[in-house]
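Asker: For this one, chain A is given, so just place chain B on it according to the hints.
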Amino acid sequence: MNEITKTAVHKRKLKYRVRDFVSKPENIILSITVVVLGFFTIYPLLLLLKDTLTVNIADLLYPELFGKKVGSLTTFHWKRMLFSNMSSTYFWNPLKNAVLMSVLASFIAILYGGVVAFLITRTDMKFKKFFSTVFIFPYIMPSWTIATFWKNFFQNPYIGSYQSGMLYWLTGICVPEKFVYGLVPCAIVLGLHYAPFAYILIGGILRNMDANLEEAATILKASRAKIIRRITLPIVMPALLSTFLLVFSSSMSAYAVPQFLGGASGFSVLTTTLKQFINSGWYGQGYIMSIFMILFGLIILGINQYVTGSRKNFTTVTGKSGQISYIKLGVWKYIAAAILVVLCVFCSFMPLVSFALESCTDIPGVYSNLTLKYWIDPGFPLNNGLHGLFYEPQVWAAFRNSLVLSISCSFIAGTMGILIGYAVSKRRGSKLAKLADNLAFLPYLMPSMALGAAFLAIGAKMGLSKTMGLLVLVGSIKYLPFASRSGINAMLQLSGEIEEAAIIVNVPWYKRMLRIIFPIQKSTFISGYLLPFTSCMRELSLFTLLSSGSIYLMTTLLEYWQVWCDQSANALNLLIVVTVLAINLLVNKLTGASIDKGVGG
Amino acid sequence: MPEIRLEHVSKRFDKFVAVDDLNLHINEHDFITLLGPSGCGKTTTLRMIAGLETPTEGRITIGDKVVFDAETGVNISPAKRDIGFLFQNYALWPHMTVYDNIAFGLENLKWKKDDIKARVDEMLKMLKIEEFVARYPAELSGGQQQRVAIARTLAPKPQVLFMDEPLSNLDAKLRSEMRTELKRLHSDSNSTFVYVTHDQLEAMTLATKICLMEKGVLQQYDPPLTVYAKPANLFVADFVGNPTMNFIKAKATPQNDGVMMDFLGVKALFKSKESFALEGPDVILGIRPEFFTICEDGRIHATAYSTLPAGMETTVKVHLNGELISSVVFGAIDFKVDQPIRCDIVGGEICVFDPKSTKRLAIGSLSVC
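Those protein sequence lines, which keep their order, are chains A and B.
Counting with our numbering, you get residues 1 to 601 for the letters of the first sequence.
Counting with our numbering, you get residues 1 to 369 for the letters of the second sequence.
If you are wondering where the hints come from, they were derived from the structure by calculation, not from laboratory data.
Hints are not guaranteed to be accurate.
Straight-line alpha carbon distances no greater than 30 Å define the calculated DSSO-like cross-link-like pairs of lysine-lysine that follow [stated by the list, open to error]:
1. 15/B with 13/A
2. 117/B with 522/A
3. 80/B with 13/A
4. 157/B with 113/B
5. 511/A with 157/B
6. 24/A with 157/B
7. 426/A with 24/A
8. 426/A with 215/B
9. 80/B with 15/A
10. 113/B with 522/A
11. 157/B with 215/B
12. 267/B with 336/B
13. 13/A with 65/B
14. 589/A with 126/A
15. 466/A with 68/A
16. 80/B with 511/A
17. 431/A with 317/B
18. 80/B with 209/B
Just so you have them, the derived chain A footprint on chain B, three or more residues with Cβ under 8 Å [unchecked claim]:
19. 72-81
20. 102-112
21. 244-251
C-beta atoms are modelled at their ideal positions from N, C-alpha and C, and glycine is treated no differently.
Next comes chain A alone, as it looks inside the complex (with noise of 0.2 Å):
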């Protein structure tokens, strides 16, 4: 008798508890966040893997596969892969290229970003306010920008593509093709490219780190330089380390770069030969390597979240970091800031004006004959066989698809982000929302290429194959991670109390978000909006394996032209580099919203 009731105030009180956690929209959002995301992150994995132990058309072509059923079950694109006489081609010799390039990136663009970093929060090196802003140009263009222009400005008749190039045309000086093509050259602009995110990182924290504590050691007579080695270089140490180590995984995962400097000289990483193997049809052997790109995602980012974890706390902003003494250069205030206005030309506004030579070249890399018909000329076909750029339709659809695209997964990931970032901070602690929480981050962990195979899996398996829709559902995937740490992070400086303030009067919850809590934080919001848009526009890497052959976007339109029609390709170059900058400056003057908040000189 005394059970029965006990399990009916048992089931009661369950029932109330169930009530109570469905009334709360944070529940609703988290939960709907934990199925769909937990969904579209392990179901594709689960796909990859299951598809690299089965048999796909294309590989009825091995001899060892002769005969075999299509779908059934085999090992053999892991032997192949891994321990065949084509493994050192296929696996090991891209993934050293991809580690050595990568090792060296960063190391590039911790050293000139820091030392950027330094000079600007640190010293009274002049023109600090140009620097700064200019000096984040490379990281907003395009990842490919540096390298086009790369290639444009060292081609000589010798290598590669055997044009002219600007250097070339100019001064006759032939640059070894090593220099061009290869590792040395994507290391570089991987490091050009990823410099001004650790000046961002960097920046941020000599910024935000208290001068007290340097202040200090100068009154307890610590000499300049010892101050750097002492107190400085210790505290931004986890940044430099967690600089070197997202620097690092992005570069192993770059695929744009070391696809247009890399292949005349055929050299390859992980992310140009799983590209090959998609291609060619051999998807089981490319979604091992896109699984074994997530596993390296993963350890990185493991390591970075060990490293950053526990010290993050030395980065505490106090308040009253006020007046800092800035180092006196003497007449190196001029030198460096000379330095780095050539740097600076060279990577922000070099490539812009390669671009709109090189377009304007009626042979490439031939700069004495210009001509505007790559743009202007509707006549068809011109010698690379495309009308001018403005008449080309291919252009136009591409246009159209990149925006549509760029649109609707800013909306989705923004709006999802902010919903996120409230779920979250409401329910701050519990482990709904830890979970919430780091799958809205996971995508960031897997490589674009890597998710892009794993969409490709799930495409084909839900007949989704080769439509915007699922384009727009893995870039909406892929870019949540920005707009939900935004969400977040403007969720957190918001207080519980400025909502209760409205429950108390029996304001809705919808009315709470779009009149309270949006417009409170509409800068942070509209960023977490703005980031995913310029990154799709831009991107590549994600969206090459799934929209290759059926949805040209401006950025795999360019791709394809890169190798044949060199004054449109630049053309098209330049449009996107300037459709990207200039929504970035807009959105930038009209919210405040922008990349490089909190850093500046």
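Answerer: Chain B only, in chain A's frame:
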């Protein structure tokens, strides 16, 4: 103006118990302070009454309406509990003007436009902030923001007003001004106030009754002066009063006419009007600084360790056989360091605590032999 009743209310976050089996009866027109160190569950208690937090167990009644009951599953939303809530950081909406901040809530409660206008004007006048009506919160000083927050909270005419450390962000002078006004507001508005603070002085000066909590457990629920004079246990005695009560270990020997206390080389006879039982020879004496006086003919010989004159009164740290004892004397005096002084114990509110259970065993007078 309703009474509030909490019966067996508990709140657990996973394993952590924030509030443990709390029973509390708040009479109408009371001004209750929930007092305790940070993390003691006082804010959680307040938020549970307001409906911003859901209790794990128990029942809460406001007036004759049950607003929460774990047994029957009743859980009325905060908006329908007819309450006002004043937040620690004011929670003014930064993107709305002072007027909109006050009016927004009324709009949502479906007031008529003219009524809203009239009520907002009334509140602005009452809190003397008419001139700031078009300003944004960021353009106001802390004190002005506080007033706007109060105006916003009072505008819907709540029956009960909850306040969560509303003065902790103000400077000392403004804080004491606002205290005066809050007390005035309480009698003018005729509502029930529940006020959370960790500041014992605030609790003492404002409340009609103090509810002192520690680690989620109610320690004592009494009027302020009772809490001060007759603390229920060592925690309460230590938490209330500044400088804090002196706690001195003593050996107790029962005698015919009282209990002989032996501490720090002093023998004194403890007498109480109430009967009490000692658990053993070890006790802790609790002597408020004002009962440990310094006088010419005192029977205790000690030295002055340091003297802290504050103008109106002086706190003297007395060095007695290796221990430091606080003494507060009226007026300004300044002893030299290590100057010999004579002290005495006066008053009838000397406490005796049991060191094991920490409960107060007796209260009485202590005369030095």
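Asker: Which numbered hints are broken by the structure, listed smallest first?
Answerer: 11, 17, 21
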